[in-house]
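S.K.: Those sequence lines, one after another, are chains A and B.
Note that this note's numbering gives residue 102 to position 102 of the first sequence, counting from 1, and the numbers run on in steps of one.
Note that this note's numbering gives residue 60 to position 60 of the second sequence, counting from 1, and the numbers run on in steps of one.
The hints are simulated quantities; they were obtained by calculation from the structure and are not laboratory data.
Small disclaimer: the values here were computed from a predicted structure and weren't measured.
Virtual Cβ for every residue (Gly too), placed ideally from N, Cα, C.
It is possible that some hints are incorrect.
Claimed, not checked - Computed spacing ranges between beta-carbons, pair by pair:
hint, chain 1, residue 1, chain 2, residue 2, range
1, B, L49, A, Q231, 57 to 63 Å
2, A, G224, B, P24, 32 to 38 Å
3, B, S4, A, G16, 45 to 51 Å
4, B, V50, A, M226, 40 to 46 Å
5, A, D237, B, V50, 37 to 43 Å
6, B, V19, A, S38, 51 to 57 Å
7, B, S4, A, R526, 31 to 37 Å
8, A, G520, B, G12, 49 to 55 Å
9, B, S4, A, S38, 48 to 54 Å
10, A, G32, B, G12, 37 to 43 Å
To be verified - Stretches of chain B that chain A covers, calculated by requiring three or more beta carbons in the stretch to come under 8 Å of a beta carbon on chain A:
hint, stretch
11, 13–26
12, 40–51
Said to hold, decoys possible - Restricting the straight-line Cα-Cα distance to at most 25 Å, the calculated cross-link-like pairs of lysine-lysine (DSS-like) are:
hint, chain 1, residue 1, chain 2, residue 2
13, A, K286, A, K571
14, B, K62, A, K89
15, A, K571, A, K89
16, A, K27, A, K571
17, B, K62, A, K166
Each chain is listed here by its residues.
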Amino acid sequence: MRTEWVSLAVGFSYLGILFLVAAWGDKRSSQGRSIINSPLVYTLSIAVYCTAWTFYGSVGRAAETGLSFLLVYLGPTLAMLLGWFMIRKMIRISRAQKITSIADFISARYGKSTRLGVLVTLIAVIGVMPYIALQLKAITISHALLTGYPLEPTQALAAKAFWFDKSFWVAIVLAVFIILFGTRHLDASERHEGMVAAIAFESIVKLLAFLAAGIFVVFWLYQGPMDLFTQASNRADLVGTLGLDAVPEGAVGWVGTLILSTLAFITLPRQFQVLVIENVDERHVKRAGWMFPLYLFAINIMVIPIALAGLLMGDGSPDDYVLTLPLAAGLEFLPLFVFIGGLSAATGMVIVETIALSTMVSNHLVMPVLLRWKWLHLDPTRNLSGWLLGIRRIAILLILLLGYLYHALIGESYTLVTTGLVSFAAASQFAPALLLGLYWRGGNAKGTAAGLMGGFIVWAYTLLLPGFALSGWLDSSLISQGPWGIAWLKPYALFDLEGWDIYAHALFWSLLVNIGLLVGVSLFSRQSSLEQTQAALFTEALRPDVMQTPLWLGQTTKGELYQLANRYLGKPATLKVFANFNSAYLPSPADETPASPALIAQTEQALTGALGSASARVLINSVVRGEALDIEAVLSILDTTSQAFRL
Amino acid sequence: MKGSPIRSRLVGLTLLALVFFLPPILLLFDRPSSLGLSILPVYVFSAWLVIIVLAALVLERKDEN
């Protein structure tokens, strides 16, 4: 039953079912009977947080460093407790401003800055690439184990030539799947309902598969939990496994990982996507506030038993225990189910992450370049909306191929958890810009850009470079003696800060530089007027009277607006924008009547949904003459109401 | 600005969770059980469940105002 063909057939059937679920979700959505409009589905879609890293890596981490695996789930629990005002605030802003990604959010908050959009996108792509590679690696290794056991997965894989490399084909198949379901509409702020339905389905599958493996271990291999724990206690070398001493660098490592996972839970591009962008109704956040922690609790309850049983078996890599335990017992069906569970965890992550990243790449890297190409401006009749979908599709393919390359070149030298936490630390660099931006009006684009760059450089130096050194790409003396023998520059002990767990160490230095530059530079530089308006709109977002005012005072004609929208959105979407104002009105390019401020604002929002806020602003500015925004008026409205509010 | 009761309760609950999950309270429970293994996991999972139940009570409560 564990032959190559059976496992392939089962794997592809699973993807087929996923496809059907997604198609069903999309169909129900277009009929206006959304299946994802429930707090339960929202909760399950957030559970895309649990990747193959959770599925296989938690057990590995528990076996090696004890309870530290739990911190990755306690952090999100803390974040969700505060979600009812923090995440809800982000949802409300994103809805009002048609924001489509975390890069767009940060760019919009600091005056629709193109530069910040580019910066966030680059950091996200570089930082998250190892994480995608990790999922491909998990799929490949679990498949090799399933078909090759008791052969070690590395041996089973070594015999294969490059084009037989499963992870390459996994990457291609996933790319096709994501292109089919992620890029059906241009407007990225139109939610991917089918995708969310598929992700929620995957979350159920991985939970059931993991619980099945755990129940098998506790009640089949052993006579209940007491039996397992008694046997583990009898082994002198296992007695220390569960204490705080097993956690790297004890209490410091504990606190560091807790902070890291709290921040990363909100700032990872895929988490931002499901938490904020794909949210249907902000009231769902309330129930998810306790249901999501409960899901995490359930998927973790069996980790320690499986890890202990694996250690007692004492065979193979701890990252593989979930699969090797049922395989060693000679079972037929359970290993297959566990494999599917791991597959669902990995594919869910790859799908959402790739969609989030491809939107960012197309809106914040490619679009700004295209808008600066003069020849595109010269031909105003050219319709570019088809291009945008094409760009996004190519971006999806490239991201997955990059992930595959990373996996093929340096993926082997890392355990699952190490790679995941490196990505967490990269994503955490967005936290100061995001969270300070929600509550502190003074932060500006210069400060944020400096903070992001500083934090990213420190992250690369303290986690990425030593990782290359560990995998043999750089001389390992970098870690032991520092670059050129300068001891206080050692990447794992910067300025001789010794005795810290490497993640706590990297997080401390990178966030110190990041927040320091953000606050410091902001305090000593000026905000542009657009930055002031956006800062006010973001920080006051939960007040009911905000975001309603049409902000435009500039002049343009309906015809010009129509041409612009038509060119980037396509005709159907453009007609929808205009129909919102006067359903009887038929727009034409030759219409010379002036456009109302509300219509200009609506057009900008529609463009933002497709292109990102920075590019949309550039485009609107290209047709609107005169003063664009009545900033003084907006600010004074906000200030008087907020003063009234404080009394 | 007067905070809503749910907001204050959630902040309080978050602080409680921090007390539960951070040293020094954590260190109190890092001691061997009668079997020999540390009872820390039992403590962390129980504390976690308590936080989840309290969160459910706070969040599912009908608003008074």
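S.K.: It remains to establish, for every hint, whether it holds in the given structure.
M.R.: Results of checking the hints against the structure:
For the pair B/L49 and A/Q231, the beta carbons lie near 26 Å from each other, so the given range of 57 to 63 Å is not met. Between A/G224 and B/P24 the CB atoms are about 34 Å apart, so this pair conforms to the stated range of 32 to 38 Å. With their beta carbons about 47 Å apart, B/S4 and A/G16 fall inside the hinted range of 45 to 51 Å. Between B/V50 and A/M226 the beta carbons are some 23 Å apart, a value that contradicts the proposed interval 40 to 46 Å.
Between A/D237 and B/V50 the beta carbon distance is about 33 Å. The supplied range of 37 to 43 Å is therefore violated. Checking the proposed 51 to 57 Å range against B/V19 and A/S38 shows it is violated: the Cβ atoms sit about 33 Å from each other. Checked against the hint of 31 to 37 Å, the C-beta distance between B/S4 and A/R526 comes to roughly 35 Å, which is consistent with it. Remark: the range hint 49 to 55 Å for A/G520 to B/G12 is contradicted by a beta-carbon distance near 33 Å.
For B/S4 and A/S38, the Cβ-Cβ distance of about 25 Å falls outside the hinted range of 48 to 54 Å, so the restraint is violated. The supplied range of 37 to 43 Å is met by A/G32 and B/G12, whose beta-carbon atoms lie about 41 Å from each other. Beta-carbon proximity to chain A at under 8 Å applies to 8 residues in the stretch 13–26 of chain B; the threshold of 3 is reached and the given coverage holds. For the stretch 40–51 of chain B, the stated coverage by chain A holds: 7 residues have a C-beta nearer than 8 Å to a C-beta of that chain, and at least 3 were required.
The straight-line distance between the Cα atoms of A/K286 and A/K571 is roughly 38 Å, outside the 25 Å bound, and the hint therefore fails. A hinted pair counts as satisfied when its Cα atoms are at most 25 Å apart, and B/K62 with A/K89 qualifies at roughly 21 Å. With a CA separation close to 33 Å, the supplied pair A/K571 and A/K89 exceeds the 25 Å bound. Annotation: proposed proximity of A/K27 to A/K571 holds, straight-line Cα distance about 22 Å (limit 25 Å).
Between the alpha carbons of B/K62 and A/K166 the distance comes to roughly 52 Å, so the proposed pair goes past 25 Å and is violated.
This entry does not satisfy hints 1, 4, 5, 6, 8, 9, 13, 15, 17, going by the numbered hints stated previously.
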